[in-house]
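Colleague: Could you put the whole structure together from the sequences, leaning on the hints where they help?
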Amino acid sequence: DAGVIQSPRHEVTEMGQEVTLRCKPISGHNSLFWYRQTMMRGLELLIYFNNNVPIDDSGMPEDRFSAKMPNASFSTLKIQPSEPRDSAVYFCASSRISGTAQETQYFGPGTRLLVL
Amino acid sequence: QKEVEQNSGPLSVPEGAIASLNCTYSDRGSQSFFWYRQYSGKSPELIMFIYSNGDKEDGRFTAQLNKASQYVSLLIRDSQPSDSATYLCAVSPPSGGSYIPTFGRGTSLIVHP
Numbered sequence: 001d002a003g004v005i006q007s008p009r010h011e012v013t014e015m016g017q018e019v020t021l022r023c024k025p026i027s028g029h030n031s032l033f034w035y036r037q038t039m040m041r042g043l044e045l046l047i048y049f050n051n052n053v054p055i056d057d058s059g060m061p062e063d064r065f066s067a068k069m070p071n072a073s074f075s076t077l078k079i080q081p082s083e084p085r086d087s088a089v090y091f092c093a094s095s096r097i098s099g100t101a102q103e104t105q106y107f108g109p110g111t112r113l114l115v116l
Numbered sequence: 001q002k003e004v005e006q007n008s009g010p011l012s013v014p015e016g017a018i019a020s021l022n023c024t025y026s027d028r029g030s031q032s033f034f035w036y037r038q039y040s041g042k043s044p045e046l047i048m049f050i051y052s053n054g055d056k057e058d059g060r061f062t063a064q065l066n067k068a069s070q071y072v073s074l075l076i077r078d079s080q081p082s083d084s085a086t087y088l089c090a091v092s093p094p095s096g097g098s099y100i101p102t103f104g105r106g107t108s109l110i111v112h113p
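Taken in sequence, the protein lines are chains A and B.
Numbering follows the working numbering, in which position 39 of the first sequence is assigned residue number 39; successive positions increment by one, without gaps.
Numbering follows the working numbering, in which position 43 of the second sequence is assigned residue number 43; successive positions increment by one, without gaps.
If you are wondering where the hints come from, they were derived from the structure by calculation, not from laboratory data.
Glycine included, every Cβ here is placed at the ideal spot set by N, Cα and C.
There may be inaccurate statements among the hints.
[What the hints assert, rightly or not] Short derived list, chain A residues pointing at chain B, Cβ under 10 Å:
{"#": "1", "residue": "Ala2"}
{"#": "2", "residue": "Val4"}
{"#": "3", "residue": "Phe33"}
{"#": "4", "residue": "Tyr35"}
{"#": "5", "residue": "Gln37"}
{"#": "6", "residue": "Met39"}
{"#": "7", "residue": "Leu45"}
{"#": "8", "residue": "Ile55"}
{"#": "9", "residue": "Asp56"}
{"#": "10", "residue": "Phe65"}
{"#": "11", "residue": "Thr104"}
{"#": "12", "residue": "Gln105"}
{"#": "13", "residue": "Phe107"}
{"#": "14", "residue": "Gly110"}
{"#": "15", "residue": "Arg112"}
{"#": "16", "residue": "Leu116"}
Modeller: Written out as structure tokens, the structure is:
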């Protein structure tokens, strides 16, 4: 299994530009999570999908952030317009619901975003 | 607000010693507890999970859970330099059959030869 795939791995952009991060979850997993990690705030959950439906987006910091999951094998996280304070590592993770419990989350390699 | 607290460290131990990492949590209803290891520049990787009070052992790793005191710990026996990493504690309550874990900010562990 290829694991969770994220692209791009690195992104450098200028303030005000649109940034799109992409994620392909592990085949057969039906839950997908977007996280942001910084030194100051640690690992923060941004949004969580179950069966392609957003369940909890309370962690999305502002309206500048949006996420979609058009099908079971693809999700995007978009920042428009981007700001320097958005600089962080963005992780996508996936897991599978088994019965009434979530199984282990598997993390992708992350996208390192730098907004100048 | 759910909180998960960890000492940021770094915790420095000599090779072969026992490393003890601690985590406290605020939500008394929490049911699932996880330890992730994150090497510098890499993504978190699950190494242990525990649901019941007591100890759970897996190789050199032992997770200890005390729900009454609201803490969970990770012991690493015979520590190796390759164990040097940041260890993240994650805690999740039951929530309608699915969970959204809260992560601590991690403890940096350094195992020196």
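Colleague: Now look at each hint and say whether the structure bears it out.
Modeller: So, going through the hints one by one against the coordinates:
1. At its closest, the beta carbon of Ala2(A) sits 14 Å from a beta carbon of chain B; the interface hint therefore is violated under the 10 Å criterion.
2. Hint status for Val4(A) relative to chain B: holds, with the closest Cβ pair at about 8 Å, below 10 Å.
3. Taken as an interface hint, Phe33(A) checks out: its beta carbon lies about 8 Å from the nearest beta carbon of chain B, inside 10 Å.
4. Interface hint status for Tyr35(A): upheld, as the beta-carbon distance to the closest one in chain B is roughly 8 Å, under 10 Å.
5. A cut of 10 Å between beta carbons decides the hint on Gln37(A): the least distance to chain B is about 9 Å, and the hint holds.
6. The restraint placing Met39(A) at the interface with chain B holds, with a minimum CB-CB distance near 9 Å, inside the 10 Å limit.
7. The closest approach between the C-beta of Leu45(A) and any C-beta of chain B is roughly 6 Å, which is under the 10 Å cut-off, so the hint is satisfied.
8. Annotation: Ile55(A) was flagged as interfacial toward chain B, and the flag holds, the nearest CB pair being 7 Å apart, inside 10 Å.
9. With a cut of 10 Å, the hint placing Asp56(A) at the interface with chain B holds, because the nearest CB-to-CB distance is about 6 Å.
10. A cut of 10 Å between beta carbons decides the hint on Phe65(A): the least distance to chain B is about 17 Å, and the hint is violated.
11. Annotation: interface hint on Thr104(A) holds; nearest CB of chain B at approximately 5 Å, less than 10 Å.
12. For Gln105(A), the suggested interface contact is upheld, since its CB lies about 7 Å from the closest CB of chain B, less than 10 Å.
13. For Phe107(A), the suggested interface contact is upheld, since its CB lies about 4 Å from the closest CB of chain B, less than 10 Å.
14. Given the 10 Å rule on beta carbons, the hint for Gly110(A) holds: about 5 Å separates it from the nearest Cβ of chain B.
15. With its C-beta approaching chain B no nearer than about 9 Å, Arg112(A) sits inside the 10 Å limit, and its interface hint holds.
16. Contact between Leu116(A) and chain B, as hinted, is not supported at the beta carbon level, the nearest pair being about 21 Å apart and thus beyond 10 Å.
Violated hints, listed in ascending order, are 1, 10 and 16; each of the other numbered hints is respected by the structure.
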